[in-house]
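J.: Residue strings, one per chain:
Number of protein chains: 2
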Amino acid sequence: MNQLDYFFSPKSIAVVGASRNPSKIGHVVFRNFIEGKFKGRLYPVNPNAEELFGHKCHKSILEIKGRIDLAIITIPAALVLEAIDQCGKKKIPAVIIITAGFRETGNADLEEKLKGKLEKYRIRAMGPNCLGVYDPYSDVDTFFLPRYKLVRPARGEIAFISQSGATGSVTMDWMAMKNYKISKFISYGNAADVDESELVEYLAKDPKTKVICCYFEGVSRGRRFFEVAKKTRKPIIVLKGGTTEAGTRAVASHTGSLAGSAAVYASMFSQTGIIQAADIEQVFDYARVLSTQPIPKGNRVQVITNGGGFGVLTTDWLIKNGLVMAQMDPKSMDKIRKVSPPYVTLKNPIDLTGDTDAERYRVAISAAMDDPGVDMLITIILLQVPNLSADIIDILSEFSNERKKPMIVISSGGRYTEVLKKSMEDFGIPTFSYPQGAAEALKALYDFSRKKAA
Amino acid sequence: MNQLDYFFSPKSIAVVGASRNPSKIGHVVFRNFIEGKFKGRLYPVNPNAEELFGHKCHKSILEIKGRIDLAIITIPAALVLEAIDQCGKKKIPAVIIITAGFRETGNADLEEKLKGKLEKYRIRAMGPNCLGVYDPYSDVDTFFLPRYKLVRPARGEIAFISQSGATGSVTMDWMAMKNYKISKFISYGNAADVDESELVEYLAKDPKTKVICCYFEGVSRGRRFFEVAKKTRKPIIVLKGGTTEAGTRAVASHTGSLAGSAAVYASMFSQTGIIQAADIEQVFDYARVLSTQPIPKGNRVQVITNGGGFGVLTTDWLIKNGLVMAQMDPKSMDKIRKVSPPYVTLKNPIDLTGDTDAERYRVAISAAMDDPGVDMLITIILLQVPNLSADIIDILSEFSNERKKPMIVISSGGRYTEVLKKSMEDFGIPTFSYPQGAAEALKALYDFSRKKAA
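Sequence lines, in order, name chains Z and G. Residues 685 to 1138 (the working numbering) are what the first sequence spells out, left to right. Residues 685 to 1138 (the working numbering) are what the second sequence spells out, left to right.
Everything labelled a hint here was simulated from the structure, so no lab data went into it. Accuracy of the hints is not assured; some may be wrong.
Because identical chains share one entry, a pair is satisfied inside a single copy or across any pair of copies.
[Said to hold, decoys possible] Derived lysine-lysine pairs resembling DSSO-like cross-links, with alpha carbons at most 27 Å apart:
id : residue 1 : residue 2
1  : K1022     : K708
2  : K894      : K1015
3  : K1127     : K1004
4  : K889      : K914
5  : K865      : K1106
6  : K914      : K892
7  : K1106     : K862
8  : K1031     : K865
9  : K801      : K1022
10 : K833      : K862
Input sequences plus hints: build the corresponding full structure.
T.: What follows is the structure, encoded as structure tokens:
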């Protein structure tokens, strides 16, 4: 067993600093476990309380009788070293130190002492100054924000490692709303012990994770990260904070990382096959496509639409991204002609027009899936039209389950559209609101397929 | 009175083809007027019905006793010419021809005859093959889609002219969900009479419209459009469909416009001061900032945040867009220092950190608004943090009302965040989810300010 497993599937957890005061971090963390679905044993540690949510409080870690897999530390910085001593004596393999007030506030000394103790006891630690872990499979959830303020995403296959706690947690909340799903979220803070290199290496072997996403402002061990990334076969998508001089200065005030030059990082990304994203939304646009879609055989895209303008704009964006408009065989087009009125456009884009029903889509998608001249599909579905209803989702999910060719959906509109898009995400169909994001994501998928072939 | 006024504030409307059959366009259009808030007189015209929603049906337009300002035509193409003859005899000044089946389906002859009749009777017409008009001030609403499928946006100051009906209507639905607001929406279809040039000229004088947005694939009278755009003082934002060769071919199958070369259009846009957007979302990112924010004196931006990572990414995107990080006076920073804990970062970005309350924002925004070294503000507000609540909106709206300097907000997250962002939009504060869109919109505002100065 890898010692890092204890962070993600512990059988027993001690919350050091679990408190009755709702404004304390230790209160929120413990309460989230109580109200959540974590199946293991829970031990609150607090010398000043007898009991918390029906659980007996322990005066110290050493007082706990059972074995502890993971300790979550929420007490003030000045008390952390002593707690680590206790964790060491108790032989706890993994510790998440949420507490801030170390290197990031100038207390480099305290952080060095912490490192020494972690090494001495061979404890693996996340933090300090971090949010820790959210794992929807094991229900480990160390966010110190209540669920009504920060909704948690459902189980999926995208892992997200964030050097910035705020950026990470805000992204979780946004992903939950969009019904984008996650395998593991990790905020590792100052990385006194576990860092991004080791996490990428760990996630590369995680059977629940298909795509690894990272936000960081700098890596602590460049050479190591390079080697790990080069070795990893799963797609790694990185959003690097600090790619300009001014951005690098902002990094110095934030995580204090050596942001390095943009050119050095860009070169590392290209040599290791890392996919660089430009903003947060793009990270997950890429990740959703790479985690759900099969590898395309080429770069020829067929567009199927029920709105001409969206078809035109999608064409422009595909070309701008270096992709090619597929040319379907006339025999494939004949299949669509048979079920369509004469004003349907049988070119690329195929325009099924505003009076289309779901069946017309089924025939058109099927023809494109079977046509050897098509490598990938963009299906544009404007759901405001009169003859389309939710049954279009059943049709899409059938094609999606076959996994013949990559297919993504562009669908734009209001609440009704958003609800149906969430259902499509449930079936592993990546959805986009506008042509730009969709075309860029297919480009990322195609680029990754070429790297994989190389 | 301009004859086009009859499209947007008619006192009486005839719906030609108003039907009892809910699947007919004429039914939906008439019903939307009945269920909407239109204050004028309504006349259904249908030779086969006695009465519709309590309104007496007229056998023909000529049978109507009262004066008609606007006729909406929803009958089959073959019957349209005769209806226009009646409109001419009845001296109806404005007609919206929703009916399709003219030039766009190869019936160029029929469209020429229609043009001849419109000229003969001096009728001004939108269409054929269009959605017509949505004006939230007068409640003219000719969308043939029910409101539960396509929600209508509220009253605002952004006009949108769309050559593509589907692109336009989908965008309305999306804008309503986002609480982005509109002054007028116009889908002009084949432009047998009124075209984009005349509409831009009209909207340039419309007191309700501050920014004019257009989606088109080509303009019918290039020279005329050039002159109108050059003369117009209001910002014009254009999304041009067909900027690549393949896109141009797609245009030929869609609107059949002469899409022209991307270079010719780009040159026209730059010579006339038109702002070109790259995708639909960007059109309204630009429009929201240009319609609500004062003109900046320069390009120096101060970023205020409560999350370091978002501050870093915003800095990167501002620099990539050619904007400059402002340097605030140390005295301005002292004002913030007085109300802040020592770990707050007083640089650019100002990082108020995760424990900020609304008051800390108030002091920081006030200091930046008063600092002569700051031209524009980006305020990043991550609403998941414990000490921020809805009162931040009151503070933002006060600064927004003063209109001293442009200020936009970046706020990302789930449903709670989206609700508060909609409130901000109500106060004329443009909101963005991520740094890229925000920085690009400020760049568009700054570029427009330079054109205005030139």
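J.: Quick one: which hint numbers does this structure break? Sort them smallest to largest.
T.: Violated hints: 2, 8, 9; rest satisfied.
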